[in-house]
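Student: The numbering of the sequence shown is the working numbering, which starts it at 1 and goes up by one.
Everything labelled a hint here was simulated from the structure, so no lab data went into it.
Treat the hints loosely; a few may be bogus.
[Unchecked claim] List of simulated lysine to any residue pairs, SDA-like, C-alpha gap at most 25 Å: (1) Lys498 <-> Leu263; (2) Lys467 <-> Asp449; (3) Lys474 <-> Met485; (4) Lys467 <-> Tyr265; (5) Lys235 <-> Ala293; (6) Lys435 <-> Ser274; (7) Lys235 <-> Gly27; (8) Lys503 <-> Ala461; (9) Lys248 <-> Thr295; (10) Lys435 <-> Ala478; (11) Lys467 <-> Val492; (12) Lys247 <-> Val288; (13) Lys239 <-> Arg200; (14) Lys235 <-> Pro172.
[Said to hold, decoys possible] What follows is a list of derived Cβ distance ranges for each label pair: (15) Glu109 <-> Pro437: 42 to 52 Å; (16) Ile471 <-> Gly101: 52 to 62 Å; (17) Thr275 <-> Ala88: 33 to 43 Å; (18) Pro132 <-> Arg447: 40 to 50 Å; (19) Asp404 <-> Ala28: 39 to 49 Å; (20) Val355 <-> Arg489: 36 to 46 Å; (21) Ala391 <-> Gly465: 29 to 39 Å; (22) Lys418 <-> Arg489: 16 to 26 Å; (23) Pro325 <-> Asp404: 32 to 42 Å; (24) Pro323 <-> Gly101: 48 to 58 Å.
Glycine residues also receive a C-beta, built at the ideal position from the N, C-alpha and C atoms.
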Amino acid sequence: MKAGLHSLLEHVVSRDPDRIAAEEAGGASITYGELDRLAGRLAAHLVSLGVVRGDRVGLSLHKSIDSLATLLGIMKAGAAYVPVDPSAPATRSAGIFRDAGARVVITEEAGAAALGAAMSADGFEPVVIGLPGVGGGNGLSSVVGDVVAAGADVLADDLAYILFTSGSTGRPKGVMLTHGNAVSFVDWARRVVSPSADDRFSSHAPFHFDLSILDLYVPLSVGATVVIIDEETGKDPLKLSALLGSKKLTVWYSTPSILTLLLQYGRLEGVDVSTLHTVLFAGEVFPVRHLRALTERWPGRRYLNLYGPTETNVCTWHEIPLPVPLDRDRPYPIGLVCDHCEGRVIDADGGLVAVGSPGELVIRGAAVTGGYWNLPERNASTYWIDDAGVAWYRTGDVVIDPGDGVLEFVGRRDRMVKRRGYRVELGEIEAGLYKHPAVLEAAVVAREDAEAGVSVVAFLAFREGMKAGTIEMKRFCAENLLSYMIPDRFVVLPVLPKTSTDKMDYQSLSGMV
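Kindly produce the complete structure, drawing on both the sequences and the hints.
Tutor: This is how it looks when you write it as structure tokens:
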């Protein structure tokens, strides 16, 4: 089999082209043969525009069959795709495309003028392909010719895509993932999830989010169906629950926040999920109270906690043992290091920590990125070099190995503050807040304080029909947290802000303190 990620699709086409490859929430669908042909038409069009192997092609498209075919078509041309959030400010998207040196940008006509103006203002003028709209593949089909290009022969080390994530400096950083990185991860996921051609996978994650790699390419590698959930449906719990039943999904994958939203507001009581056999979640800690409620609502399924930064995709995993005990109040482990990776837990000086002691998780292996696009100085500080000269990616996450290799997540290295002489992990405070029966969502941020050194602010969203005042929360924290971990202030919001990838938006929250 070829090395390219797009070759996974081509392998299915060669044996079963009439299978349904993808469906949209609205009902449109496309077979494997049709999807491969549409992607090949785009590849031919890109080549005619001068795109060659190793080029980058940007896309700003809403989720649809069109955008799925676009990803595949870009790779078929030998280029790497650079996706952005189509709802993001044009200036941000333009900056990403400029940084990536995109030769071509594919967008929708509705936003093409603003995006083009933002790119021109920076002196950057790639070829822009404007789709009249997206849906069912019709928009893309209307702008490409009838010539179909075969998939390019690429090497495992060739870039497949660059995913830009938020950077601490305010400049998005581009994580470079090769075909080898991606195929290694897809092969691992196939071994663990054991999908079949009869499966129907949710595609909930935005295409600029690393969760989408499993969503898309694992089902496409076995001839299963990808059910593409558009952005509007993806954030509406009632529409999501209706889709769960009507589309007969068998595998679900999202952040815990979305699953909690479904549980709380999706009216799941009347939804038929008899076909659902596997629930995967990643991206953030799943409060055990919500996880328990979900497993009680949907018993008899597999629940897998997948962990990993964009730079590694998934590098550890843990299957939740059911039932979840009533007396368990701490989150489940992030689990064992995946068998296509290798992990170590190190201290600040690079030495291995003792069993049961916290340290930073470092990862190496076939799925790990080679670095960031156009950020050599960042690359130099991102890897730990062992005594043998081998580079390991520093995740920035603090974990504990209790001795059996099943890693327990403590928190982010960069979310640790020193308070009253003690090192405090803000994630530990959040875990304590989630124990309160009224708390639906909790997020903790810290800011510098001239007198106290650091001030801790807890943002809370309460469950429907429930609430708790500051005095009650202070009392609760005194009973459940160490004294130096009690927040100085509590801020109640109807719902806590999320990023476009459905993670807690700590940057927005920090701006409120």
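Student: Just pull the numbers of the violated hints for me, sorted ascending.
Tutor: 2, 6, 12, 21, 23
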